[in-house]
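Undergrad: Listed here are the chains, written in short residue letters.
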Amino acid sequence: GENVEQHPSTLSVQEGDSAVIKCTYSDSASNYFPWYKQELGKGPQLIIDIRSNVGEKKDQRIAVTLNKTAKHFSLHITETQPEDSAVYFCAASPYNFNKFYFGSGTKLNVKP
Amino acid sequence: EAGVAQSPRYKIIEKRQSVAFWCNPISGHATLYWYQQILGQGPKLLIQFQNNGVVDDSQLPKDRFSAERLKGVDSTLKIQPAKLEDSAVYLCASSSPRRTPFGNTIYFGEGSWLTVV
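Sequence order for the protein chains is E and V. Using our numbering, the first residue of the first sequence is number 1, and each one after it goes up by one. Using our numbering, the first residue of the second sequence is number 1001, and each one after it goes up by one.
None of these hints come from the bench; they were simulated from the model. For clarity, every value in this text was computed on a predicted model and none was experimentally measured. By construction, the Cβ of each residue, glycine as well, lies at the ideal position given by its N, Cα and C atoms. Keep in mind that the hints are not guaranteed to be accurate.
[As the list claims (entries may be wrong)] Below, in silico cross-link-like pairs of lysine-lysine (DSS-like), each with a Cα-Cα straight-line distance of 27 angstroms or less:
#1 V/Lys1044 to E/Lys42
#2 E/Lys99 to V/Lys1044
#3 E/Lys68 to E/Lys111
#4 E/Lys42 to V/Lys1078
#5 V/Lys1011 to E/Lys71
#6 V/Lys1044 to E/Lys22
#7 V/Lys1044 to E/Lys71
#8 V/Lys1062 to E/Lys71
#9 V/Lys1083 to E/Lys42
#10 E/Lys107 to V/Lys1011
#11 V/Lys1015 to E/Lys37
#12 V/Lys1015 to V/Lys1078
#13 E/Lys68 to V/Lys1011
#14 V/Lys1015 to E/Lys99
#15 E/Lys111 to E/Lys71
#16 E/Lys107 to E/Lys42
#17 V/Lys1083 to E/Lys68
#18 V/Lys1044 to E/Lys37
#19 E/Lys107 to V/Lys1044
#20 E/Lys42 to V/Lys1015
[Stated by the list, open to error] Pairwise CB distance ranges (calculated):
#21 E/Ser18 to V/Lys1071: 41 to 49 angstroms
#22 V/Leu1039 to E/Lys68: 16 to 24 angstroms
#23 V/Asp1063 to E/Ser18: 26 to 34 angstroms
#24 E/Ser104 to V/Ala1020: 39 to 47 angstroms
#25 V/Gly1053 to E/Asn3: 22 to 30 angstroms
#26 V/Arg1016 to E/Gly1: 46 to 54 angstroms
#27 V/Lys1044 to E/Gly41: 15 to 23 angstroms
#28 E/Asn67 to V/Lys1071: 38 to 46 angstroms
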């Protein structure tokens, strides 16, 4: 089955700096890659996703890049704000299955 | 559009007791998932339903966990008897039927927090 690895496990940045979280996957059949943000005491919320027919997607301060050859994808947050502090999860979903495999999470701390 | 609803939000039980969690998915979502999230880890799939049929329950500890989705809408996850290691957040999620070659977005509820003492 699919195996998703996520790094780093914790990330501390100064407000206004950029943050990058990286994930790798093992199954070349995976073609959909969502990112979730989980705040304390809440369920994961989708913040951005990318499908394998594109290499990059942006939504305001958030962007995701995908390298299918290397089987890795990354989340980029620019101009970080304290409210970006949360745990972020990446996930991969193989073609033809409605299954999702999650990374272990990155705790992002944005210091004011 | 209403999100995925879960209850109860918090539950504390003693080991060997039983507990049940309820989930109501987003209207029209045929696929329903139960995930277990242990503190500091990513969600782990317990069971996946397509309408009222089980698609995948390979990670469900069937000696103590059971789940059902009668009528293809609401779902209940039960643990009996509970063990200390069952302390976790139980997340319900749902997605609409796949209509493209790519995966469909899944939406999570707020989770049911279980503490077994």
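Undergrad: Could you work out which earlier hints the structure fails to respect and list their numbers in ascending sequence?
TA: Hints 3, 5, 8, 11, 13, 14, 15, 17, 22, 23, 24 and 26 not satisfied by this model.
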